[in-house]
Amino acid sequence: MREVHFDEIAGTIKDLFMEANVYLPDDVKEALKKGKEEDPSPQAKEVFGRLIENYEISERDKTPLCQDCGLAVVFAELGQEVHVVGGNFNEAINEGVRQGYEEGYLRKSAVWDPVFERNNTKDNTPAIIYTDIVPGDRIKFTIAPKGGGSENMSALGMLKPAQGGDGVRKFVVETVDNAGANPCPPVVVGVGLGGTADKAMQIAKKAIMRPLNSKNENPNLEKLEKKILEDINKLGIGPQGFGGKTTALAVHIEAYPCHIASMPVAVNMQCHSARHKSATI
Amino acid sequence: MKLELPLTDEKVAKLHAGDAVELTGVMYVARDTAHKKIIETLDRDEKPPIDLKGSTIYFMGPSPARPGQPIGSAGPTTSGRMDSYSIRLIEEGHKGMIGKGPRNQAVRDAIRKYKGVYFAAIGGAGALISGAIKKSEVVAYPELGAEALRRIEVEDFPVVVINDMYGGDLYSTAKEKYRTYSKE
Numbered sequence: 001m002r003e004v005h006f007d008e009i010a011g012t013i014k015d016l017f018m019e020a021n022v023y024l025p026d027d028v029k030e031a032l033k034k035g036k037e038e039d040p041s042p043q044a045k046e047v048f049g050r051l052i053e054n055y056e057i058s059e060r061d062k063t064p065l066c067q068d069c070g071l072a073v074v075f076a077e078l079g080q081e082v083h084v085v086g087g088n089f090n091e092a093i094n095e096g097v098r099q100g101y102e103e104g105y106l107r108k109s110a111v112w113d114p115v116f117e118r119n120n121t122k123d124n125t126p127a128i129i130y131t132d133i134v135p136g137d138r139i140k141f142t143i144a145p146k147g148g149g150s151e152n153m154s155a156l157g158m159l160k161p162a163q164g165g166d167g168v169r170k171f172v173v174e175t176v177d178n179a180g181a182n183p184c185p186p187v188v189v190g191v192g193l194g195g196t197a198d199k200a201m202q203i204a205k206k207a208i209m210r211p212l213n214s215k216n217e218n219p220n221l222e223k224l225e226k227k228i229l230e231d232i233n234k235l236g237i238g239p240q241g242f243g244g245k246t247t248a249l250a251v252h253i254e255a256y257p258c259h260i261a262s263m264p265v266a267v268n269m270q271c272h273s274a275r276h277k278s279a280t281i
Numbered sequence: 282m283k284l285e286l287p288l289t290d291e292k293v294a295k296l297h298a299g300d301a302v303e304l305t306g307v308m309y310v311a312r313d314t315a316h317k318k319i320i321e322t323l324d325r326d327e328k329p330p331i332d333l334k335g336s337t338i339y340f341m342g343p344s345p346a347r348p349g350q351p352i353g354s355a356g357p358t359t360s361g362r363m364d365s366y367s368i369r370l371i372e373e374g375h376k377g378m379i380g381k382g383p384r385n386q387a388v389r390d391a392i393r394k395y396k397g398v399y400f401a402a403i404g405g406a407g408a409l410i411s412g413a414i415k416k417s418e419v420v421a422y423p424e425l426g427a428e429a430l431r432r433i434e435v436e437d438f439p440v441v442v443i444n445d446m447y448g449g450d451l452y453s454t455a456k457e458k459y460r461t462y463s464k465e
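Top line first, the protein sequences correspond to chains A and B. Reminder that position 10 of the first sequence reads as 10 in this note's numbering, one-by-one numbering, no gaps. Reminder that position 90 of the second sequence reads as 371 in this note's numbering, one-by-one numbering, no gaps.
Hints are supplied without guarantee of correctness; some may be wrong.
Among the chain B residues that face chain A by a calculated CB cut under 8 Å, a handful are [stated by the list, open to error]:
id	residue
1	353
2	407
3	452
4	457
Okay, the calculated bits of chain B under chain A, using three or more residues with CB under 8 Å as the criterion [said to hold, decoys possible]:
id	stretch
5	339 to 346
6	355 to 367
7	378 to 391
8	399 to 405
9	425 to 439
Quick list of the computed label-pair ranges, beta carbon to beta carbon [what the hints assert, rightly or not]:
id	chain 1	residue 1	chain 2	residue 2	range
10	A	59	B	349	12 to 22 Å
11	B	424	A	7	25 to 35 Å
12	B	415	A	281	38 to 48 Å
Keep in mind the hints are simulated off the structure, nothing from the lab. Nothing here was measured: the structure is a model prediction, and the numbers come from that model. All residues carry an ideal CB built from backbone N, CA and C; glycine is no exception.
Bound conformation, chain A alone (with noise of 0.2 Å):
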């Protein structure tokens, strides 16, 4: 067994979303560049210079890109040769999201109690942590500070088998087009397809965290993830929903294998900015 110590993970954590809140991923960057030229759209081509400008600044006086730095959502991949010492692994987590999100300059947007009190928890625990037991002895951290615009238009739809691929592309364009200018436009898309209702948006969710230039090892999904993304940018939104042929910048797809009964389709939306970070120690 390896020892991992509670302030390691603490400090990995702390270190993650400080730093994914003031720098934009490049993979995003170029996507944003990209849409800049590419977008015949005026007003398109402005909001990409905007959130060039935005995200030139951000990195220049470590202003938050946005002033919504998220729940903290993480995926953990923990392998099962580690030990940890010093204290109790999620709260580790927590401790990390703690001191990151006072010492960053973040805002803290978790509230205890979802429905009556909304009472802020005034240091942006608890954290959303998904834990894989892997082989090993390494822990790999995934973070992503997961804006509340974005995520509340989400959406499930439990679909008869025989609605097939198609099924799934009406219902994954449908949702964007619903969405229209509230996830803050170019989005990426996270469509988990399989498992059950609540499995099918966790891989939703992680696949937003995907780098944007990479391709789907599965070549149906890879077919259906072009088809998605051809049809949402027909769709006329654009960034910010000021008009345009970008209104996402990339349609990723997770599956998983489910009931002979389902076809769960899961949709998780991520604005343009698209942060997340990744560490192992």
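Given the coordinates of chain A, assemble chain B onto it according to the supplied hints.
This is chain B only, laid out in the frame that chain A set:
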């Protein structure tokens, strides 16, 4: 075009959906809860904490300011959550709203009837927009933290007119213009 705040009927009449506008002057910052609290003061026949006549409200909750800065990242939040509150404030003389995303029909009707305007700021450009905010102070409800009611002074604050007093709606016309999608 450049425009000085506060808004008047004459200024609002010049604005059309799709116009890019740079605002200078005083505006207020409020999200859902602050709106709700302002309306509660009106319901109790008390004086609201801000002068609503000709006012512009920016739907926003900033990130904390770094030392020496007036405000942190400061982009718009989704406006639809304010729909039910906005109508009441418009009836009291409130004129300009800034956020992102569509408003419902009732708000668009109130904008026509009372000569108001709804602008969009660029969502997710909080660092850029922050630079247009020169001063910021909490004027009420400090207990709400990032959601407190603020008064801010802005210079050349960039917005686009979405809904004008003539019934124009940029979100629908822009989408129609670039739309080539058919369901089948």
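Hint-by-hint comparison with the structure:
Satisfaction of the interface hint for residue 353 of chain B is found here, the shortest Cβ-Cβ separation to chain A being roughly 6 Å, below the 8 Å cut-off. A distance limit of 8 Å between C-beta atoms decides the matter here; for residue 407 of chain B the minimum to chain A is near 4 Å, and the interface restraint holds. Taking 8 Å as the C-beta cut-off, the interface hint given for residue 452 of chain B holds, the closest approach to chain A being about 5 Å. A cut of 8 Å between beta carbons decides the hint on residue 457 of chain B: the least distance to chain A is about 7 Å, and the hint holds.
For the stretch 339 to 346 of chain B, the assignment as covered by chain A holds, since 6 residues bring a beta-carbon within under 8 Å of that chain's beta-carbons and 3 suffice. Given a C-beta distance limit of less than 8 Å, the hint that chain A covers the stretch 355 to 367 of chain B holds, as 5 residues qualify and 3 suffice. Counting residues of the stretch 378 to 391 of chain B whose C-beta sits closer than 8 Å to any C-beta of chain A gives 3, which meets the bar of three, so the coverage hint holds. Counting residues of the stretch 399 to 405 of chain B whose CB lies closer than 8 Å to any CB of chain A gives 4, so the stated coverage by that chain holds, three being the minimum.
As drawn, the stretch 425 to 439 of chain B meets chain A at 3 residues by the rule of a beta-carbon pair under 8 Å; at three or more, the given contact holds. In this structure, residue 59 of chain A and residue 349 of chain B meet the distance hint of 12 to 22 Å, their C-beta atoms being roughly 19 Å apart. Restraint check, residue 424 of chain B to residue 7 of chain A: a C-beta distance of roughly 33 Å satisfies the suggested window 25 to 35 Å. For residue 415 of chain B and residue 281 of chain A, the hinted distance range of 38 to 48 Å is satisfied, since their beta carbons lie about 43 Å from each other.
The structure shown violates none of the earlier numbered hints.
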